[in-house]
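Enquirer: Chain by chain, the residues:
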Amino acid sequence: MLRGVLGKTFRLVGYTIQYGCIAHCAFEYVGGVVMCSGPSMEPTIQNSDVVFAENLSRHFYGIQRGDIVIAKSPSDPKSNICKRVIGLEGDKILTNSPSDFFKSRSYVPTGHVWLEGDNLQNSTDSRYYGPIPYGLIRGRIFFKIWPLSDFGFLRDSPNGHRFSDD
Amino acid sequence: MAQSQGWVKRYFKAFCKGFFVAVPVAVTFLDRVACVARVEGASMQPSLNPGGSQSSDVVLLNHWKVRNFEVQRGDIVSLVSPKNPEQKIIKRVIALEGDIVRTMGHKNRYVKVPRGHIWVEGDHHGHSFDSNSFGPVSLGLLHAHATHILWPPERWQKLESVLPPERLPVQSKEA
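Quick mapping for you: the protein sequence lines, in order, are chains A and B. Note that full-length UniProt numbering has the first sequence beginning at 1, numbered continuously upward. Note that full-length UniProt numbering has the second sequence beginning at 1, numbered continuously upward.
Please note that the accuracy of each hint is not assured.
Listed below are several chain A residues computed to face chain B (Cβ distance under 10 Å; list not exhaustive) [said to hold, decoys possible]:
hint, residue
1, Val5
2, Ser106
3, Pro109
4, Gly111
5, Tyr129
6, Gly135
I should point out that these hints are in silico values taken from the structure, not numbers from a laboratory. Ideal Cβ placement from N, Cα and C applies to all residues, glycine included.
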């Protein structure tokens with residue numbers, strides 16, 4: 001009796017570990033489903049939208065200007081932020097906050113990216129905390145699953161004027 | 001004839017089953033629990049690689065200890081380089097968030113480490129590309145805590161979390 005229960009417990013633990021490891025590999029190297037919260041990416045991503053994020057671009061260093069990425073927050077490594085990449089390393093970007101009167105431009109340092117939310121009025125992003133290291137990026141969001149009325153690939157940035165002219 | 005075919009099919013099934021169990025478990029273990037790495041460069045001399053390029057130390061990197069981003073001053077940690085995301089660098093934690101550091105070669109003489117960041121330095125000052133060059137690093141870049149030297153066998157030891165007294169922060173958060 002006891003041997004049967006023990007055997008079943010071991011098998012359950014074994015399956016849990018096995019499927020947990022497969023889940024880790026899937027999330028880490030392929031992608032996963034993410035729920036976003038907050039108003040900083042409106043109208044592209046609304047509060048409580050469910051999106052699909054892929055992690056292959058990050059591993060192959062294929063993140064491009066205009067991609068929406070998930071990254072670890074620079075001031076709190078346990079929370080994630082979801083923003084659009086405005087500038088890659090070496091790009092010239094506008095750094096002024098909406099409250100500044102004069103426009104100021106600077107270059108994104110090597111190994112860093114400049115992120116901004118689509119909702120410029122209500123977004124804490126690189127205009128506040130500066131460029132973030134590329135190593136903090138966790139994945140690229142490219143597909144929205146929920147709400148079904150907005151199912152499909154994500155739109156381009158509504159703030160085309162934030163991308164620098166060459 | 002039928003018997004040998006059955007043998008091949010059984011072998012193939014067992015192989016697939018083993019493969020799909022072993023590979024994810026091994027990858028998860030190396031990503032989440034611990035792995036080993038060879039240390040290159042002279043930025044952590046004399047603690048690591050005292051022999052220079054003749055003999056590189058191999059260290060045990062413990063991911064499990066930093067799963068909640070908890071590090072202490074004096075720990076030797078590996079992190080993703082903020083200047084080159086393809087590279088990992090290994091340095092010692094000098095200061096945590098809220099500490100004020102007296103820098104060596106940074107553009108500001110004193111730097112307050114912002115929230116969610118740490119200040120790292122190599123033990124070999126002057127030969128180290130560390131926070132004195134690129135400033136405080138975000139804890140999100142933390143990769144692992146180097147706990148032991150595994151190779152060469154004569155250098156088998158536990159790495160101590162000791163902060164050289166001249167590098168103590170000017171003002172700590174707890175003070």
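Enquirer: If a hint holds in the structure, say so; if it doesn't, say that too.
Expert: Cross-check of the supplied hints:
At its closest, the beta carbon of valine 5 of chain A sits 23 Å from a beta carbon of chain B; the interface hint therefore is violated under the 10 Å criterion. For the restraint placing serine 106 of chain A at the interface with chain B, the shortest Cβ-Cβ distance is roughly 15 Å, beyond the 10 Å limit, so the hint is violated. Interface hint status for proline 109 of chain A: upheld, as the beta-carbon distance to the closest one in chain B is roughly 8 Å, under 10 Å. The interface hint given for glycine 111 of chain A holds, since its Cβ lies 4 Å from the closest Cβ of chain B, which is under the 10 Å cut-off.
Because the smallest distance between the Cβ of tyrosine 129 of chain A and any Cβ of chain B comes to about 9 Å, under 10 Å, the interface hint for this residue holds. With a cut of 10 Å, the hint placing glycine 135 of chain A at the interface with chain B holds, because the nearest CB-to-CB distance is about 3 Å.
Hints 1, 2, counting from the list given before, are not met by this structure.
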